[in-house]
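Knowing the structure of chain E, use the given hints to seat chain G on it.
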Amino acid sequence: MAAVSRSALSKSLSRLRPASNTLVNLYFVLWFCLVIIPLLVLFSFSFFETKSFVTTYTPTLNTWLSLLDSGRLTVSLRTLRIALTVTLIEFLIAFPFALWLAKGGVAKSTQAIILALLTIPFFLDLSSRIIIWRSILSENGLISHLLVESGLTSGPVDWLLYNEWAVHFGMLVTYFPTMVLPIYMAISIIDDALIQASADLGASRKDTLLRIIVPLSLPGILAGVILTLGPALAAWIEPSMLGGGFVNLLSNSVESAYSALRYPVVAALSSFVMLMLAILVVALAILARRFGSLGAVFSTLRS
Amino acid sequence: MKDKFSTTTQLGLTRRGFLQSTAVAAGAAVLGTSFAETAQAAASNVVRGYGVTTSQLKDWSIMQKSTGVSMEFTGTNNSVGVFLRDVVASQLGDDADIFVFESGTEDVLGPQGIYLKIDEKHPELTLWDRTPDEWKRSETVVDKEGVQYGVPVIGNADSFGYYPDKMDAASDGNDELSWSLMFDDEKTRGRVAYDQTWTYSIGVAALYLMGLGKIGVKDVADMTGEEAAKVVNFLIERKKAGQFRTLHTAFEEQIQLLSSGTVDVINCWEPAVRETNKSLGSDKTRYAYTKEGYFKWGHGAYIAAQAEGRGNLDNIYKVLNYYLGGEYRAIQARDRGYAGPNMDLGVQYAKENGWSAEEIENLSNTEKKVARKFAKPYTSTTTPTNSDAIEEEWQRFLNA
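Those protein sequences? They're chains E and G, same order as listed. Using our numbering, you'd call the opening residue of the first sequence number 1 and step up by one each time. Using our numbering, you'd call the opening residue of the second sequence number 1 and step up by one each time.
A portion of the hints provided could be inaccurate.
[To be verified] Covered, in the sense of this in silico footprint (three residues per stretch, anywhere, with C-beta under 8 Å from a C-beta of chain G), are these stretches of chain E:
1) 104-112
2) 135-144
3) 238-244
4) 275-287
[As the list claims (entries may be wrong)] For each label pair, taking beta carbons as the anchor points, the in silico distance ranges come out as:
5) G:Gly211 / E:Lys51: 27 to 33 Å
6) E:Thr55 / G:Arg372: 48 to 54 Å
7) E:Pro231 / G:Ser171: 44 to 50 Å
8) G:Glu308 / E:Lys51: 28 to 34 Å
9) G:Ala170 / E:Trp159: 34 to 40 Å
Read the hints as simulated data drawn from the structure, not as lab findings. Here the structure is a predicted model, which means the values were calculated and not measured. Think of the CB as a built atom: it goes at the ideal place given N, C-alpha and C, for glycine as much as any other residue.
Only chain E is shown next, with the shape it has when bound in the complex (with noise of 0.2 Å):
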């Protein structure tokens, strides 16, 4: 009866098949003209130049070789240090409490409360979440206060705002949620069985975490990295907002750009972060590969 259903259904997937050829075709089409091409267009108008708001259409160097001058290159790198960083300490950070919250016997309905305040920020206004940082951080703020009714310092503490420290701070808290959310539901997901298992056949706690929990979530972990990734190498406000100005990143530079109506310009800073961020995602996926295929991690998800 079994192989009977079976081969009937092999023979409706290949009646299907012609069709959804043609579906996967129109679909890299349509992701041909909607992606590449806007890519390539983006990438040759980095080699035209903007006078007087308007762009002159003779392929020029000039655009690049001024990234260079401006100071602009360097914009990208420290964009890209501190999204790595961030990214990062928010892995190390987030991780353990995805672990903690999918598999550490919380009760559901502190579980729930818990991915209920996870999901609040995504309903509140960035920038006014983050200007309410720099009243707690800043010289005459609450944490400076402390400090100075506690004795702890002589004097009112200003390093905590307007630099590096505080925008790594400020996405940090910003983007925790976008780690955190996929990092549990990978985990959730993961049979208690395949745990009970492992510690049942001599494996260590460490073993279970290398060997058992970390590649089965490493969908959850991929896409934690991208999310939180992504939005760090693009943050705006918080290198605003907290960095006082002395945190000029990527989209600050893109934006000042863009107030002359430098196209070029920020196109060549566009093409710049892509072909890092390929860079990236290939070192990712290479990475990847030592927790074996990436395509078998996911059909984990399937069963």
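Only chain G this time, still in chain E's reference frame:
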């Protein structure tokens, strides 16, 4: 007048609202001639505006009562890049009748034929002849060749807010202070907030250096790359010396920095000082009169070229004329502290409409203040021809 995060620019109709209203109008046009005719008749007393919200009345129905014309205004932010893109690439003139923006766009869009030349003899523009040249021929409304593309709406001379007691300055705020308090004074070191937008900030630094005789700049509003480089070199040196506590970007930030006492000096909009005094007590902070000069700005109202064919020009000119009149002037000065052409008409309006003596006094003071400040340089533009070079130099300052 650059503001990226500000929620104050969110007043009025949203862009979506604007598009919906135009979609409704477009839908009406499709529905058939008779209906379209009705719609057109109904819409004939509507003028559609697009631009910065600073020029908005909180309640446009006041204008409708006075002129019979109603306004549908869609706000944009203060970024000239966004504005030029919207107007040129999105062909906003297909829907909007007038554009209101800070000075400079007429130099780019006027000669391109995107703005209509102002018909100074238009019968609805009754207040044009009595409007003083310092407003109507200002660089904010004529292009570089002197062609009249706009009607002046509001303006002010921006300087910095400060705590008089901490600067040893007269508490009435009448002292003429040097921009050295902003850039170069030992007692303000680390107690200054400087706007990080180049269009707003680089000019006043140049004025200060020119006052010292350290540099010569031909046109502060449109510095060359080399001139900007000199100013930026100075600013980088000051930044490294710890002169600036922070570089700010938004109106709300200005208020927060000043009112929390995080800084003692900040180059900001005048309303930020007003807001601060509202929370700290009147006259606690002051908006400076300066020795070297000001960031003088003005908003102009410009007619979209496409409006010429829509048969609505009479109403459009009624609105332009309204901008020059006493009612608009008095309300803008009271609500925002901004001046504009024909303040005498504003005072007259206030008297006729039973405003308090104090409010009338404030209107006169606004006029006096602006006259005193406008005597000094420089008139800003959002579209310097060397913007690319200046912006490039400014990046060096931000990255230093």
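A quick look at each hint next to the structure:
no.: 1; hint: 104-112; verdict: violated (count 0)
no.: 2; hint: 135-144; verdict: holds (count 4)
no.: 3; hint: 238-244; verdict: holds (count 3)
no.: 4; hint: 275-287; verdict: violated (count 0)
no.: 5; hint: G:Gly211 / E:Lys51: 27 to 33 Å; verdict: 30 Å, holds
no.: 6; hint: E:Thr55 / G:Arg372: 48 to 54 Å; verdict: 42 Å, violated
no.: 7; hint: E:Pro231 / G:Ser171: 44 to 50 Å; verdict: 48 Å, holds
no.: 8; hint: G:Glu308 / E:Lys51: 28 to 34 Å; verdict: 30 Å, holds
no.: 9; hint: G:Ala170 / E:Trp159: 34 to 40 Å; verdict: 35 Å, holds
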